[in-house]
Amino acid sequence: MKRCASIQAGSAFLGLAPTKPHYDVIIVGAGGHGLATAYYWAKNFGITNVAIIEKGWLGGGNTGRNTTIIRSNYLQDRRPRSMKGALALRETLSRTLNYNVMFSPRGVMMLAQTEHEVRGYKRTAYANALQGVETRWIGPAEVKRLVPIMNIEGPRYPVLGALWQARGGTARHDAVVRGYARACSQMGMHVIQNCEVTAGVESVGGVVSAVNTTKGTIGCGKLGIVVAGHSGHLANMAGFRLPVRSVALQAMVSEPIKPAIDCVVMANTVHGYLSQSDKGEMVIGGGADHFNNYTQRGSWMHIEETVRALVETFPMLSRLKMLRQWGGIVDMTGDRSPIISKTPLGNTFINCGWGTGGFKSIPGSGWAMAELVAKGEPGSLARDFSMFRFREGRFIDESVAAGVAH
Amino acid sequence: MLLLTCPCCGVTAEETEFANGGEAHLKRFGPGSTDAEYEAYMFARKNPRGVHFERWRHAFGCGKWFLMARDTMTLEVYGAYPAQTIEPPAEIQARIKSRRPEWEGYK
Numbered sequence: 000m001k002r003c004a005s006i007q008a009g010s011a012f013l014g015l016a017p018t019k020p021h022y023d024v025i026i027v028g029a030g031g032h033g034l035a036t037a038y039y040w041a042k043n044f045g046i047t048n049v050a051i052i053e054k055g056w057l058g059g060g061n062t063g064r065n066t067t068i069i070r071s072n073y074l075q076d077r078r079p080r081s082m083k084g085a086l087a088l089r090e091t092l093s094r095t096l097n098y099n100v101m102f103s104p105r106g107v108m109m110l111a112q113t114e115h116e117v118r119g120y121k122r123t124a125y126a127n128a129l130q131g132v133e134t135r136w137i138g139p140a141e142v143k144r145l146v147p148i149m150n151i152e153g154p155r156y157p158v159l160g161a162l163w164q165a166r167g168g169t170a171r172h173d174a175v176v177r178g179y180a181r182a183c184s185q186m187g188m189h190v191i192q193n194c195e196v197t198a199g200v201e202s203v204g205g206v207v208s209a210v211n212t213t214k215g216t217i218g219c220g221k222l223g224i225v226v227a228g229h230s231g232h233l234a235n236m237a238g239f240r241l242p243v244r245s246v247a248l249q250a251m252v253s254e255p256i257k258p259a260i261d262c263v264v265m266a267n268t269v270h271g272y273l274s275q276s277d278k279g280e281m282v283i284g285g286g287a288d289h290f291n292n293y294t295q296r297g298s299w300m301h302i303e304e305t306v307r308a309l310v311e312t313f314p315m316l317s318r319l320k321m322l323r324q325w326g327g328i329v330d331m332t333g334d335r336s337p338i339i340s341k342t343p344l345g346n347t348f349i350n351c352g353w354g355t356g357g358f359k360s361i362p363g364s365g366w367a368m369a370e371l372v373a374k375g376e377p378g379s380l381a382r383d384f385s386m387f388r389f390r391e392g393r394f395i396d397e398s399v400a401a402g403v404a405h
Numbered sequence: 000m001l002l003l004t005c006p007c008c009g010v011t012a013e014e015t016e017f018a019n020g021g022e023a024h025l026k027r028f029g030p031g032s033t034d035a036e037y038e039a040y041m042f043a044r045k046n047p048r049g050v051h052f053e054r055w056r057h058a059f060g061c062g063k064w065f066l067m068a069r070d071t072m073t074l075e076v077y078g079a080y081p082a083q084t085i086e087p088p089a090e091i092q093a094r095i096k097s098r099r100p101e102w103e104g105y106k
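Residue numbers (numbering that gives the first Met the number 0), protein chains in the order written: chain A, 0 to 405; chain B, 0 to 106.
Please note that a few of the clues may not be correct.
To be verified - Here are some of the chain B residues that sit facing chain A, going by a computed Cβ distance under 10 Å: (1) LEU1; (2) GLU22; (3) GLY29; (4) GLY49; (5) TRP55; (6) ILE85.
Bear in mind the hints are in silico, worked out from the structure with no lab data behind them. Every residue, glycine too, gets a C-beta built ideally from N, C-alpha and C.
When you get a sec, could you build the whole thing from the sequences and use the hints?
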């Protein structure tokens, strides 16, 4: 309780009103990605005349709604470049922010339950070795040794092995967002909650000049849009369209039980993933809905699908009661890779399209976005992730690589 | 769980019987078009918060494609209509307008 109280006391840094009529930079969206962007501006470029505006409350969007998994076992070269950096940053994040983000490198296991996945993950393991990302292919016996509660026999989808990343794991999502917010605030930036962009984005001569919010018009030199599922909505206000669809992705937690599983397991064929929180709750995630949706609650069919899949793989889950279920709105691009890009509106930048895999990329995404906005041109991290890559046919196709949206 | 009615066979069923096919009323740009037009047709989407016109297929029923007006904020279905329709029918547009007066219209 004392600890909770001290975290609450630390919330004094969260302003509720803009105190300046004009900022050098405004970021829309005080989620993990937006705050990380602001943080690395101050750290890497010395920009602190910044407001980060948030329509809801801190950590109330996708940052507080994910299943906290961190991994970097991607197939495509361009993706690990940012992810690997993110993982390394993540390992030192608690120290950097002086805020315990409870990073727990407990290992992430991606199950192969079809022959195609076996081939795919072996290929990914080789690709990761070339990229310098530590992953390895493990057989069913080792899967069983690492996760004794797993039924590897099937019958429908027997476990044929897994891609194992020992450095992956989980982190406390609220702590990540609060840690960044506190750090930003301490460096003189304004984190403004309950401030929604409502009446659009103002521009002069094709260059952004101000945003109209529920707390009045705020002038800005540059604008960063980092609003995940609501990117399409903001883009419409700024006068352009994105190659993005917003759909609901949901998760749930069970009643707390004794420690039963000490790593993260992802089963992509049957669409379910599982880890156990420090409180003992089984944290369960599944597939995204297929239709456009902004309701922040998912479809019952996906709960059923996810639970059915996990009960087959983890029979001991069948008697557990689920405590909570919730949804978040994820922005899916056509190639399931993110967008960190200039936009058709001058001095306006967007960071979106992280789909179902945003949380793990927060530090790397913030780093890349900070460089893009500060310099006006993408650096080596962001260069491949332009929103114009679709026009040019330069996809970074991770949906095929992983066999699953993420 | 969405409950949808197929305008082709008239069956009302849960969403598991249907497959979503993304935004409707896209104008196809093919050979001879500019890069920007082709990109807009292939990738750029309205992705609106609110009224959305979209394609659905009664995949595990009659198998037919149809179009639907649905609200992405409330999940309310305003109506379904045949796939061979260039614009949303007037009565569906009127229904949307009566339910959401602030709606800016189909375009």
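Checking against the hints above, which ones are violated?
3, 6
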